[in-house]
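Heads up: the sequence lines are chains W and S, in that order. Just so we're aligned: the first sequence equals residues 5 to 115 in the working numbering. Just so we're aligned: the second sequence equals residues 12 to 162 in the working numbering.
Keep in mind that the hints were calculated from the coordinates and are not lab data. Accuracy of the hints is not assured; some may be wrong.
Stated by the list, open to error - Examples of chain W residues lying across from chain S (beta carbon under 7 Å, computed):
| hint | residue |
| --- | --- |
| 1 | M5 |
| 2 | G64 |
| 3 | V67 |
Said to hold, decoys possible - Negatives, chain S to chain W, calculated, CB over 12 Å:
| hint | residue |
| --- | --- |
| 4 | I100 |
| 5 | S139 |
| 6 | M153 |
To be verified - A few chain S residues that face chain W, going by a derived Cβ cut-off under 10 Å, partial list only:
| hint | residue |
| --- | --- |
| 7 | D33 |
| 8 | D56 |
| 9 | E67 |
| 10 | E74 |
| 11 | P117 |
| 12 | L119 |
| 13 | A121 |
Backbone N, C-alpha and C define an ideal beta-carbon position, used for all residues, glycine too.
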Amino acid sequence: MQIDATKYEGALILRVDASRIDAAVAIEFKESVRLAAEAPGNPLVLDLSSVTFLDSSGLGAVVAIMKLLAPERRLELAGLTPNVAKVFRLTRMDTMFTIHDAAPGALRAAG
Amino acid sequence: MALAADRSALVGKEFSRRFRADDEVTRLVLGALLAEFADAGIGADDCANAELILAEVLNNVAEHAYAGLGGPVELNVRIDTDGLDCLVIDRGCGMPTGDAPNPGAPVLDAANLPEGGFGWHIIRCLTSDLRYRRDGNRNRLMMVIPWVEAG
Numbered sequence: 005m006q007i008d009a010t011k012y013e014g015a016l017i018l019r020v021d022a023s024r025i026d027a028a029v030a031i032e033f034k035e036s037v038r039l040a041a042e043a044p045g046n047p048l049v050l051d052l053s054s055v056t057f058l059d060s061s062g063l064g065a066v067v068a069i070m071k072l073l074a075p076e077r078r079l080e081l082a083g084l085t086p087n088v089a090k091v092f093r094l095t096r097m098d099t100m101f102t103i104h105d106a107a108p109g110a111l112r113a114a115g
Numbered sequence: 012m013a014l015a016a017d018r019s020a021l022v023g024k025e026f027s028r029r030f031r032a033d034d035e036v037t038r039l040v041l042g043a044l045l046a047e048f049a050d051a052g053i054g055a056d057d058c059a060n061a062e063l064i065l066a067e068v069l070n071n072v073a074e075h076a077y078a079g080l081g082g083p084v085e086l087n088v089r090i091d092t093d094g095l096d097c098l099v100i101d102r103g104c105g106m107p108t109g110d111a112p113n114p115g116a117p118v119l120d121a122a123n124l125p126e127g128g129f130g131w132h133i134i135r136c137l138t139s140d141l142r143y144r145r146d147g148n149r150n151r152l153m154m155v156i157p158w159v160e161a162g
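Okay, chain S solo, but in the shape it has when bound (with noise of 0.2 Å):
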């Protein structure tokens, strides 16, 4: 909780960051990017979820959009009232359905458990204001990640 009290004074502060999407790439960036959130005086917990949330959906990008080839990702987060307000912008595949996935909760049967499907899942529980849009040769996500710790 801390600096919870003050944290009005951050809003409007953005980081940003334009890197290739690569696993070992986008775990570097999240590393430095979550240091720089802890310094700037949000909480454990919000950084947190954060860095999943942020590692889930790059990780899609990487896999996913550009099947993992590698391509430029663009990304930006700002500090709102309601949370870190986020946007991914990428040169990929658009997403097969023209929209997000919105799974639900994976069907968990005992006897042949999934080993996917759980990451978009964990975006949607942990976001809010999800929107993607195809743009030209761009997708854009943007979500709101809301803050859990008060302030």
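Extracted from the complex, chain W is given alone in its bound form (with noise of 0.2 Å):
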């Protein structure tokens, strides 16, 4: 799975480049993320602004990759949208993370 990683104020940026996180991709998706988290930086903000499906196999992977990271690093989240929200609301995941609407630094798509 395609993860595009930049910098942005000492946080590493993580964008998923996939619009689905499900059963089929959930272990793909954990071992990508955890190749691109190798690059320094803190926060580490996954930015899931083109994810437009999530399912609990695909939360279950963002949870291990915050367990992973944890304690020396803090896994951030940026740019849920509504059906990715509404698991993490369901769930209540959403009070386990910092989620912000945006990437930080992330241009706002035109329109």
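Assemble the dimeric complex from its two separately framed chains, guided by the hints.
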């Protein structure tokens, strides 16, 4: 899975270039982010603005990444689309993460 | 809210699929099915709920009923006045407790967050009239995904 990494004021921004994080790709997603997270930066901000579908497998993978990084590094989230935000809200996982409307430094999409 | 005024015209329309329970196949089948729902005039928010619930249910069939080994699954979705009437039949292992889980919201201990156990909670949140029955060597799971959009 393609993960685009950028730095912004000490933070490592990882943009997930995929529209779905479901059971078919959850393991691949976790591994791709783990590799991308070898770059320095803290916090690590996972930009999910391209992701329009995330199921419980995808949610579990995000939690697993958070636990892999802790306690040295913090995982934050950005750009949750409505259907992704709903899964975080229903499971109350939205209370466990710092969630940004958009990735720090990200240009807002035109229109 | 597209076509909301005319949802009654859709009542009774059915969508059926038989396929192999497998994460990759499920993804393809759901993609095609959701395109049909949208074409039929089901609104975006209702489609989104259906996609999430059916993905969770079918992932459970693949991972638990068939323990990742694959097996046949039948999916039938019927448009009803209350919502989408869903029936999922597989020939895998039965539910360990004899009934469909109803685990409530996961307990979130910040020091040790759970990485699983979310699926049934999500299913229970977004469905009504969920019923499970072991029928010979088959599992039959029925549920309604209520309309969230006016109609």
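Kindly indicate which numbered hints from before are broken by the structure, ordering the numbers from low to high.
-> Hint 1 contradicted; others consistent.
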